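> Here is how the chains run, residue by residue.
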Amino acid sequence: MLGQILNLVRSRPASVALYLIIVYLIARLSLTGAEAMGYNWQWYRIPDYLYRLTDDGFQWGEIAIGLVTTIELSVTSFVFATALGLCLALLRLSGLLVGTAVAVAYLEFIRNMPLLVLLYLIYYVLGPIFGLNRYSASVLCLAIYHSALISEIFRAGINAVGIGQWEAAKSIGMSTGQCYRFVILPQSVKFMLPPLTGEAVHLIKSSAIVSVIAVAELTTVGRNLISDTYMSFEIWFTVAAVYMVVTLILSVGVTRLERRYAVKT
Amino acid sequence: MPDGDPIIEIHNLDKFFGDFQALSDISLTVSSGERVVICGPSGSGKSTLIRCINRLEEHSAGELSVDGIKLNDETRNIRAVRMEVGMVFQQFNLFPHLTVLENLTVGPIRVRKLSKSQAEERARQYLERVHIPEQAEKYPAQLSGGQQQRVAIARSLCMEPRIMLFDEPTSALDPEMINEVLDVMVELASTGMTMVCVTHEMGFARKVADTMVFMEEGRIVETAPPATFFSNPSSERCRMFLDQILEH
Ligand SMILES: Nc1ncnc2c1ncn2[C@@H]1O[C@H](COP(=O)(O)OP(=O)(O)OP(=O)(O)O)[C@@H](O)[C@H]1O
Ligand SMILES: [Mg+2]
Numbered sequence: 017m018l019g020q021i022l023n024l025v026r027s028r029p030a031s032v033a034l035y036l037i038i039v040y041l042i043a044r045l046s047l048t049g050a051e052a053m054g055y056n057w058q059w060y061r062i063p064d065y066l067y068r069l070t071d072d073g074f075q076w077g078e079i080a081i082g083l084v085t086t087i088e089l090s091v092t093s094f095v096f097a098t099a100l101g102l103c104l105a106l107l108r109l110s111g112l113l114v115g116t117a118v119a120v121a122y123l124e125f126i127r128n129m130p131l132l133v134l135l136y137l138i139y140y141v142l143g144p145i146f147g148l149n150r151y152s153a154s155v156l157c158l159a160i161y162h163s164a165l166i167s168e169i170f171r172a173g174i175n176a177v178g179i180g181q182w183e184a185a186k187s188i189g190m191s192t193g194q195c196y197r198f199v200i201l202p203q204s205v206k207f208m209l210p211p212l213t214g215e216a217v218h219l220i221k222s223s224a225i226v227s228v229i230a231v232a233e234l235t236t237v238g239r240n241l242i243s244d245t246y247m248s249f250e251i252w253f254t255v256a257a258v259y260m261v262v263t264l265i266l267s268v269g270v271t272r273l274e275r276r277y278a279v280k281t
Numbered sequence: 036m037p038d039g040d041p042i043i044e045i046h047n048l049d050k051f052f053g054d055f056q057a058l059s060d061i062s063l064t065v066s067s068g069e070r071v072v073i074c075g076p077s078g079s080g081k082s083t084l085i086r087c088i089n090r091l092e093e094h095s096a097g098e099l100s101v102d103g104i105k106l107n108d109e110t111r112n113i114r115a116v117r118m119e120v121g122m123v124f125q126q127f128n129l130f131p132h133l134t135v136l137e138n139l140t141v142g143p144i145r146v147r148k149l150s151k152s153q154a155e156e157r158a159r160q161y162l163e164r165v166h167i168p169e170q171a172e173k174y175p176a177q178l179s180g181g182q183q184q185r186v187a188i189a190r191s192l193c194m195e196p197r198i199m200l201f202d203e204p205t206s207a208l209d210p211e212m213i214n215e216v217l218d219v220m221v222e223l224a225s226t227g228m229t230m231v232c233v234t235h236e237m238g239f240a241r242k243v244a245d246t247m248v249f250m251e252e253g254r255i256v257e258t259a260p261p262a263t264f265f266s267n268p269s270s271e272r273c274r275m276f277l278d279q280i281l282e283h
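Chains A and B, in that order, are what the protein sequence lines are.
Using my numbering, you'd call the opening residue of the first sequence number 17 and step up by one each time.
Using my numbering, you'd call the opening residue of the second sequence number 36 and step up by one each time.
Keep in mind the hints are simulated off the structure, nothing from the lab.
Fair warning: this is a prediction, and the values are worked out from it, not measured in the lab.
Fair warning: there could be bad hints in the mix.
As the list claims (entries may be wrong) - Derived lysine to any residue pairs resembling SDA-like cross-links, with alpha carbons at most 20 Å apart:
no., chain 1, residue 1, chain 2, residue 2
1, B, K148, A, F198
2, A, K206, B, T134
3, B, K148, A, C195
4, A, K221, A, P210
5, B, K151, A, Q194
6, B, K173, A, P202
7, A, K206, B, Q177
8, B, K148, A, R197
9, B, K173, A, R276
10, B, K148, A, G193
11, A, K206, B, L133
12, B, K148, A, Q194
13, B, K148, A, Y196
14, B, K151, A, R197
15, B, K173, A, F198
16, A, K206, B, A176
17, B, K105, A, S191
18, B, K151, A, C195
19, A, K206, B, P131
20, B, K148, A, S191
21, B, K148, A, T192
22, B, K151, A, F198
23, B, K151, B, L133
Unchecked claim - Quick list of simulated restraints, FRET-style, between CB atoms:
no., chain 1, residue 1, chain 2, residue 2, range
24, B, S95, A, G111, 14 to 22 Å
25, B, D40, A, E274, 50 to 58 Å
26, B, K173, A, R44, 56 to 64 Å
27, A, L34, B, E93, 56 to 64 Å
28, B, E109, A, G115, 16 to 24 Å
29, B, E163, A, S31, 53 to 61 Å
30, B, G53, A, S31, 44 to 52 Å
31, B, M275, A, N175, 39 to 47 Å
32, A, F125, B, D108, 28 to 36 Å
33, A, T192, B, E156, 22 to 30 Å
Just so it is clear, CB atoms sit at the ideal spot from N, CA and C, and this is done for glycine as well.
Could you put the whole structure together from the sequences, leaning on the hints where they help?
Printed below as a string of structure tokens:
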């Protein structure tokens, strides 16, 4: 990590310098702004919301609990989004006119719908009809929204495998399903992993939107804490940092995984 | 020598790519055990013809049957034919994410429903036949071109097909590797396998072919046993083509 940062500094000194200057200016501005407002910084209270050591022993704080919900929500949604995305991609590649039409219609519908509107639609319209609670409405919304983008990633990954692989697999008698399962998809993975990671990061960030229907995830926790404590600066900075740490860990982890995978073949 | 039962029967086959006619009125019968070598200038439709035999290309008109199974839109027939017909490609087309052994066993296990141990035993036996038993655990990218092509041949043989198709199996290879692949093909011919080879390796053709086929512009121009074909071809075009490729 540090090595990467050092390399970055060496390779692009100008942009790194610019970045540091901007960060400094923002920090400076908010500090002086806060001072001018007579803002009372209480950073010392923040760790309590991450974890507490009381007489009863160790206890997770509100922010940590919110983070767990965010992760749970994101993982579940991502699994569904991936499954749905794969189905859509296969439907589109099936060569069947109906399949392609259905997939394209779905993609256009989702692509032209703001995420917030989709959430309202699912929670306030479909929710009462199908008896969806806040949490399942959120999962459904995130899964549907991201499945559209994920299906494009799958499609590109599948198309990146050469036609020769299809022909070799078919010529030993494999069915289309077997071709996908044993020959094509395993090779697509390396094309899909980087953009899928990007999409996972995107999903974690867009999961914040479910705070508008009060699912108790990280952003909702942040909002509730602020209405109790009025420490809006500290809490929002902390919440932002937590999101950033999670998504960075994810990106670095996948890069490692990719490298291991690349060595194998 | 071929025992006579026809195993591939092609009658009046046409193939169009859009408006372009790649095959015109092809008729050809291959007997069980027969070795057919197809040659002809680039673009004459050689690949298209042999790819029709295992339905990698769909023919536009005419009839084509393999081992008594008629090739039409029936998915069941297509897969039945593909299980009987092995194919070796110019570009090898090995599965790069699988080891050599896995390349050889994936078909038998998934398509022929053999157990893993049966499939591996068979795979090792065929690796022995193509003279690379020691490479079983490697990945295709770690092998030379000649070795890769021999693995590709073994992969097809593991399905125990009755017919083998070869589409210019040596033309992507460095010259020093061509013979190791041709040797394997000669050995295969000596086992009585039915073979249809597109190749310009005329030494190989002389050695193994029962029948030579010359194609031009989507048509079969000449069909003859090698003795006649090389010494006394009946068409002028065929003679010119042979002069050209035998020059070097
Ligand atoms: N998928 C395709 N779409 C359109 N045209 C095609 C397609 N495949 C082949 N053709 C055309 O059909 C003709 C015959 O091609 P084919 O590959 O069978 O020739 P070939 O005899 O194998 O030539 P080569 O020696 O170069 O391999 C060529 O003119 C080629 O451009
Ligand atoms: Mg060809």
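> Hint by hint, note whether the structure agrees.
Results for each hint:
{"no.": "1", "hint": "B:K148 with A:F198", "verdict": "holds (14 Å)"}
{"no.": "2", "hint": "A:K206 with B:T134", "verdict": "holds (17 Å)"}
{"no.": "3", "hint": "B:K148 with A:C195", "verdict": "holds (15 Å)"}
{"no.": "4", "hint": "A:K221 with A:P210", "verdict": "holds (17 Å)"}
{"no.": "5", "hint": "B:K151 with A:Q194", "verdict": "holds (17 Å)"}
{"no.": "6", "hint": "B:K173 with A:P202", "verdict": "holds (18 Å)"}
{"no.": "7", "hint": "A:K206 with B:Q177", "verdict": "holds (19 Å)"}
{"no.": "8", "hint": "B:K148 with A:R197", "verdict": "holds (16 Å)"}
{"no.": "9", "hint": "B:K173 with A:R276", "verdict": "holds (17 Å)"}
{"no.": "10", "hint": "B:K148 with A:G193", "verdict": "holds (15 Å)"}
{"no.": "11", "hint": "A:K206 with B:L133", "verdict": "holds (14 Å)"}
{"no.": "12", "hint": "B:K148 with A:Q194", "verdict": "holds (13 Å)"}
{"no.": "13", "hint": "B:K148 with A:Y196", "verdict": "holds (18 Å)"}
{"no.": "14", "hint": "B:K151 with A:R197", "verdict": "holds (18 Å)"}
{"no.": "15", "hint": "B:K173 with A:F198", "verdict": "holds (18 Å)"}
{"no.": "16", "hint": "A:K206 with B:A176", "verdict": "holds (16 Å)"}
{"no.": "17", "hint": "B:K105 with A:S191", "verdict": "holds (18 Å)"}
{"no.": "18", "hint": "B:K151 with A:C195", "verdict": "holds (19 Å)"}
{"no.": "19", "hint": "A:K206 with B:P131", "verdict": "holds (12 Å)"}
{"no.": "20", "hint": "B:K148 with A:S191", "verdict": "holds (13 Å)"}
{"no.": "21", "hint": "B:K148 with A:T192", "verdict": "holds (17 Å)"}
{"no.": "22", "hint": "B:K151 with A:F198", "verdict": "holds (15 Å)"}
{"no.": "23", "hint": "B:K151 with B:L133", "verdict": "holds (15 Å)"}
{"no.": "24", "hint": "B:S95 with A:G111: 14 to 22 Å", "verdict": "holds (18 Å)"}
{"no.": "25", "hint": "B:D40 with A:E274: 50 to 58 Å", "verdict": "holds (54 Å)"}
{"no.": "26", "hint": "B:K173 with A:R44: 56 to 64 Å", "verdict": "holds (59 Å)"}
{"no.": "27", "hint": "A:L34 with B:E93: 56 to 64 Å", "verdict": "holds (59 Å)"}
{"no.": "28", "hint": "B:E109 with A:G115: 16 to 24 Å", "verdict": "holds (21 Å)"}
{"no.": "29", "hint": "B:E163 with A:S31: 53 to 61 Å", "verdict": "holds (59 Å)"}
{"no.": "30", "hint": "B:G53 with A:S31: 44 to 52 Å", "verdict": "holds (51 Å)"}
{"no.": "31", "hint": "B:M275 with A:N175: 39 to 47 Å", "verdict": "holds (42 Å)"}
{"no.": "32", "hint": "A:F125 with B:D108: 28 to 36 Å", "verdict": "holds (34 Å)"}
{"no.": "33", "hint": "A:T192 with B:E156: 22 to 30 Å", "verdict": "holds (29 Å)"}
Violated hints for the displayed structure: none, as all numbered hints are satisfied.
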